[in-house]
Structures are given as C-alpha cells and as structure tokens.
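Undergrad: Please take these sequences and the hints and turn them into a complete structure.
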Amino acid sequence: METASREPQGTREELVAGWRTVLPACVAVVPLGLALGVLVVHSGLAWWWAPILGAIVFAGTMEFLLVGLLAAAAPLAQIAVSTLLVNFRHVFYAISFPLHRVNGAGWKAYSTFALTDEAYALTVTPESAGWSRARIIGIQAFFHVAWVACVAAGAGLGSLIPPQVVGLEFAVTALFVVLGLEAYKVRRSLPVPALALGCALVAALISRENMLLIGMGMFVAAIVGSYVLAVRRSRDD
Amino acid sequence: MTDPWYVLSAIAVSAAVTWALRAAPFAMLAPLRHSALMAHIGERMPVGMMVILAVYTLRDTDPAALASAGPAVLALALTVGLHLWRGSMTLSIFAGTAAYVLVTSVLAA
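These protein sequence lines map, in sequence, to chains A and B.
Residue numbers for the first sequence, in the working numbering: 1 to 237.
Residue numbers for the second sequence, in the working numbering: 1 to 109.
What the hints contain is simulated information worked out from the structure, not anything from laboratory work.
Don't take each hint at face value.
Claimed, not checked - Some residues of chain A that are not near chain B, with every Cβ distance over 10 Å (derived):
1) LEU157
2) LEU160
3) ASP236
Claimed, not checked - Pairwise CB distance ranges, derived in the manner of DEER restraints:
4) B:SER35 with A:ALA80: 19 to 27 Å
5) B:LEU8 with A:GLY10: 37 to 45 Å
6) A:GLY104 with B:LEU8: 24 to 32 Å
7) B:SER88 with A:ALA141: 22 to 30 Å
8) B:GLY70 with A:ALA28: 26 to 34 Å
9) A:ALA71 with B:TRP85: 19 to 27 Å
10) B:ASP3 with A:ILE161: 22 to 30 Å
11) B:LEU74 with A:GLU13: 47 to 55 Å
12) B:VAL106 with A:ASP237: 54 to 62 Å
13) B:ALA36 with A:VAL165: 48 to 56 Å
Said to hold, decoys possible - What the simulated footprint calls covered on chain B by chain A, stretch by stretch (three residues with Cβ under 8 Å from a Cβ of chain A suffice, anywhere in the stretch; the number is not a length):
14) 63–71
15) 102–109
These numbers come from a predicted model, not from an experiment.
Ideal Cβ placement from N, Cα and C applies to all residues, glycine included.
TA: Here it is in structure tokens:
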C-alpha cells in the first residue's frame with residue numbers, strides 16, 4: 001500500500017515544487033504573451049494562429065519577429081536563417097541544463113524542445129542537478145501552458161482594439177531595446193553594440209527588406225574576425 | 001489573407017531550427033563546451049542581435065520626416081530612460097509602446 005502510493009505522491013510533490021519555481025516566470029511573461037496575441041491579430045492573421053505560434057515555436061523573441069516576417073511574406077530561407085541567428089544563444093544552455101535528470105527519449109525530446117530562456121534561467125542554479133524529471137518537466141510544461149494561454153488571451157483582446165489605434169508594433173521594438181540593454185549589462189562594453197548598430201544601418205542602406213540577413217551576417221563575420229585577430233595577437237605576444 | 005500553408009511552413013521551419021539549436025548541443029556537447037570561439041561569439045551575440053533587431057523593426061521609419069521619426073525617437077528615449085532608471089522590463093515596454101501608440105494614433109487621426 002505504502003510502496004504503491006509513494007511514487008505518485010512523490011511525483012505530485014515534485015510537480016508542486018516545480019510549480020512554485022516557475023510561478024514568478026509565468027507572471028512575468030503575462031504582458032509579453034498578451035502583447036504577442038494582440039500583435040498577431042493586428043498583423044492580419046486569424047486569432048487562432050496566435051496559440052499555434054506560441055505552442056509550436058515557443059521562443060518569445062523569435063515569435064515576435066516571426067509575426068513581422070509573416071506579415072512581410074518573407075521567404076522561408078530568410079525565416080530559417082533569422083531563427084538560427086536570433087536563437088543561436090540556446091546552444092549555450094546545454095552547458096548547465098540538467099537534461100541528465102530527464103530519463104526517456106520522449107521526455108528528453110520535450111525537455112529540449114521547451115528549453116526556453118526562462119527554463120534555462122530557472123534551472124541554472126547548481127541544485128537543479130539533483131531535481132527529478134517530474135520537477136524539471138513540470139517547470140517547462142507549466143510555463144508552456146501559461147505562455148500559450150496568455151498569447152490566446154492577447155489575441156482575444158486584440159480583436160477588441162479599434163483600428164484607429166495604430167503603432168502597437170512598437171512593443172516589439174521596445175522588447176528588443178530592453179533585451180539589448182539587459183544583454184549590455186553583462187559586459188558593459190560599448191564597441192560591440194556600436195558595431196552592431198553600424199552593421200544594421202549599412203545593411204538597411206544596401207537593402208531595407210533583406211537588412212536582417214545582411215546585418216546579422218556582417219556582425220557575425222566581424223565578431224569571428226575579431227576573435228581570429230585576438231588569437232593571432234596573443235600568439236605573437 | 002495570408003496563405004495558411006505559408007504560415008504553417010514558416011512556423012514549422014522556425015520551430016525546427018529552434019529545436020535543433022536547443023537539442024543538438026547535448027549530442028555534441030564535449031567539443032562545444034570548451035570552444036573558445038563559441039564562448040567569444042556567445043558573449044557578444046545577444047547584445048548585437050538585439051540592436052540589429054531593434055533597427056530592423058524601425059526600418060520603415062523615415063529619419064527625415066518628423067511625423068515618422070519623432071514618435072520613434074520619443075518612445076525610444078522613454079523606453080531606454082525608464083529601463084535605466086527603474087529596470088522593470090514590463091514598465092519600460094508598456095510605457096514606451098503606450099507613448100508611441102498615443103502619438104502615432106493622434107497624428108494619424
């Protein structure tokens with residue numbers, strides 16, 4: 001009796017622990033989720049695309065960008081490369097994410113699929129290396145459900161906003177600016193953002209429609225170039 | 001109306017690339033973990049990408065036209081100023097967007 005009830009009991013406790021961990025993150029993304037839903041409706045897509053987008057792409061920044069790319073009917077290749085560059089940071093999350101605690105191929109597949117910025121941030125603490133599968137998957141799944149619900153609610157709200165109200169797309173600009181400021185705080189070095197600004201402006205002069213690819217390409221090439229130079233310089237020393 | 005197959009393929013492509021970026025490093029973690037080039041790129045990429053994305057979202061703003069550039073400059077200043085002052089993402093984004101919507105809606109009316 002006791003042995004039989006221990007496992008589900010433990011799972012429930014672990015799920016509750018996961019819920020407690022993820023709750024602040026769920027609250028924090030409510031405005032963003034609502035904003036994404038509103039944006040989807042205002043860009044001319046049917047409201048039900050909002051929860052589909054939120055559930056399947058499940059990478060906040062990219063979803064905002066994707067709405068704009070969809071509205072501009074961007075080619076799939078541009079969408080693929082933009083996703084690659086915008087979400088490239090996720091490559092580094094594997095370093096600390098406790099995937100070794102998640103057993104089973106299916107669970108591992110979901111866990112990597114739902115490895116968002118927030119899931120990474122919540123599991124970056126050293127004690128997460130001892131968390132159970134139920135707790136880790138719980139954190140990710142709760143966050144997934146909360147995000148899709150917020151996006152769907154935003155899409156519902158969005159259809160209530162009268163068409164005379166324009167300029168809502170600035171929320172995306174503000175999001176990128178704020179995330180940029182947060183990223184700047186990590187190194188507090190001005191040359192890198194200045195270089196990026198230069199790349200973006202030059203790319204916009206070359207082609208306004210393809211500036212994302214050109215600008216990001218130039219920027220990554222410059223960063224790789226600076227690395228090669230730094231390595232050479234340290235070898236010469 | 002946008003072609004649903006195009007939207008669906010775009011969502012699928014974006015999701016597949018995102019998933020690959022999240023899952024692949026676990027498979028080839030060992031060499032990647034200690035790559036100095038990856039660390040160098042990883043440190044500089046986020047801030048640069050956000051700057052380029054922010055400029056991209058403003059690509060249809062005409063810097064020579066006050067009615068177009070004015071609201072953008074105002075809202076950007078408000079967003080950055082509030083964020084440096086209070087550090088709350090929600091407040092900065094909400095206030096900046098509200099200011100932009102207010103000014104552009106009044107100008108458009």
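Undergrad: Taking 10 Å as the cut and beta carbons as the points, is A:LEU157 off the interface with chain B?
TA: holds (14 Å)
Undergrad: Between B:ASP3 and A:ILE161, does the C-beta distance stay in 22 to 30 Å?
TA: Cβ of B:ASP3 to Cβ of A:ILE161: about 25 Å, so the range 22 to 30 Å holds.
Undergrad: So the hint says 26 to 34 Å: do the beta-carbon atoms of B:GLY70 and A:ALA28 match that?
TA: holds (32 Å)
Undergrad: Take the segment 63–71 of chain B, compare each residue's beta carbon with every beta carbon of chain A, and decide whether three or more fall closer than 8 Å.
TA: Three-residue rule not met by the segment 63–71 of chain B, so violated; n is 1.
Undergrad: Is 54 to 62 Å respected by the C-beta to C-beta distance linking B:VAL106 and A:ASP237?
TA: holds (60 Å)
Undergrad: Falls inside 19 to 27 Å, the C-beta gap from A:ALA71 to B:TRP85?
TA: violated (33 Å)
Undergrad: The hint says 37 to 45 Å between B:LEU8 and A:GLY10; measuring C-beta to C-beta, is that right?
TA: holds (40 Å)
Undergrad: Between the beta carbons of A:GLY104 and B:LEU8, is the distance compatible with 24 to 32 Å?
TA: Holds - the Cβ-Cβ distance for A:GLY104 and B:LEU8, about 29 Å, lies within 24 to 32 Å.
Undergrad: Take a quick look at A:ASP236 and tell me if its Cβ sits farther than 10 Å from every Cβ on chain B, holds or violated.
TA: holds (17 Å)
Undergrad: Verify that the Cβ of A:LEU160 lies farther than 10 Å from every Cβ atom of chain B, and report whether the claim holds or is violated.
TA: Holds, because the least Cβ-Cβ distance between A:LEU160 and chain B comes to about 15 Å, which exceeds 10 Å.
Undergrad: Using the Cβ atoms, figure out if B:LEU74 sits within 47 to 55 Å of A:GLU13.
TA: This hint holds: roughly 51 Å between Cβ atoms.
Undergrad: In this structure, is the beta-carbon distance linking B:SER35 and A:ALA80 contained in 19 to 27 Å?
TA: Given a distance of about 23 Å, which is inside 19 to 27 Å, the answer is holds.
Of the hints listed earlier, those the structure fails to meet are numbers 9, 14, in rising order.
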